[in-house]
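Chemist: Full structure from sequences and hints, please.
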Amino acid sequence: MFMYIFPICIIVASNIFYQTCSKLVPAKVNPFSSLIITYLTAALMSAIAFNFYKTDKGFFQSFKDLNWTSIVLGITIVGLEFGYIMAYRAGWNISVGSLVANITLALLLIPIGILFFKEGFGPNKILGIVLCILGLIFINKK
Numbered sequence: 100m101f102m103y104i105f106p107i108c109i110i111v112a113s114n115i116f117y118q119t120c121s122k123l124v125p126a127k128v129n130p131f132s133s134l135i136i137t138y139l140t141a142a143l144m145s146a147i148a149f150n151f152y153k154t155d156k157g158f159f160q161s162f163k164d165l166n167w168t169s170i171v172l173g174i175t176i177v178g179l180e181f182g183y184i185m186a187y188r189a190g191w192n193i194s195v196g197s198l199v200a201n202i203t204l205a206l207l208l209i210p211i212g213i214l215f216f217k218e219g220f221g222p223n224k225i226l227g228i229v230l231c232i233l234g235l236i237f238i239n240k241k
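For reference, each letter of the sequence shown is one residue, going 100 to 241 in our numbering.
Fair warning: there could be bad hints in the mix.
To be verified - Distance condition first, Cα-Cα at most 30 angstroms in a straight line; then the derived DSSO-like pairs of lysine-lysine:
1. K240 with K122
2. K163 with K217
3. K153 with K163
4. K224 with K241
5. K241 with K122
6. K217 with K240
Keep in mind that the hints were calculated from the coordinates and are not lab data.
Modeler: Right, here's the structure in full:
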């Protein structure tokens, strides 16, 4: 059970810092300057953490099994980071911007999960979708 919940706790804790830091990037700073430092830091942290995630392969050997997804993930992460920085600069509140983006994301991932990953879809999920859409309507109502 711990290994089921622990990753979600890491995601939530990391997202709190992620959203807070994205909101606090100085407005005068070129967002890509910030992203360069962000990704240099991430690369350093990944290199250090690599040593603690034990597998039967060495550092260079572990790269042989990679495919296109790592490159596309890198591109999309830049888009994600840039999008949040610009959303906060455009005036989105930290409590609403992330919520709207994540609810919209969840709704758009439903057909992808069903079509490409054969995930189930039942009455509870339909109710959840309806509540998410209602939530988006209410949270954006002025």
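Chemist: Hint check: K224 vs K241, CA-CA at most 30 angstroms. Holds or violated?
Modeler: Satisfied, since the Cα-Cα distance of roughly 28 angstroms is no more than 30 angstroms.
Chemist: Given the proposed pairing of K163 with K217, does the C-alpha separation stay at or below 30 angstroms?
Modeler: holds, 29 angstroms
Chemist: Given the hint that K240 pairs with K122, test it: the Cα-Cα distance must not exceed 30 angstroms.
Modeler: Distance ~22 angstroms between K240 and K122 Cα, so the pair holds.
Chemist: Take a quick look at whether K241 and K122 sit within 30 angstroms of each other, Cα to Cα.
Modeler: It holds: about 22 angstroms lies between the C-alpha atoms, which stays within 30 angstroms.
Chemist: Could you grab the alpha-carbon distance between K153 and K163 and see if it respects the 30 angstroms cut-off?
Modeler: holds, 16 angstroms
Chemist: Would the hint linking K217 and K240 be met if the CA-CA limit is 30 angstroms?
Modeler: This hinted pair is violated, its Cα atoms lying about 35 angstroms apart.
Going down the numbered hints, you'll see the structure goes against just number 6.
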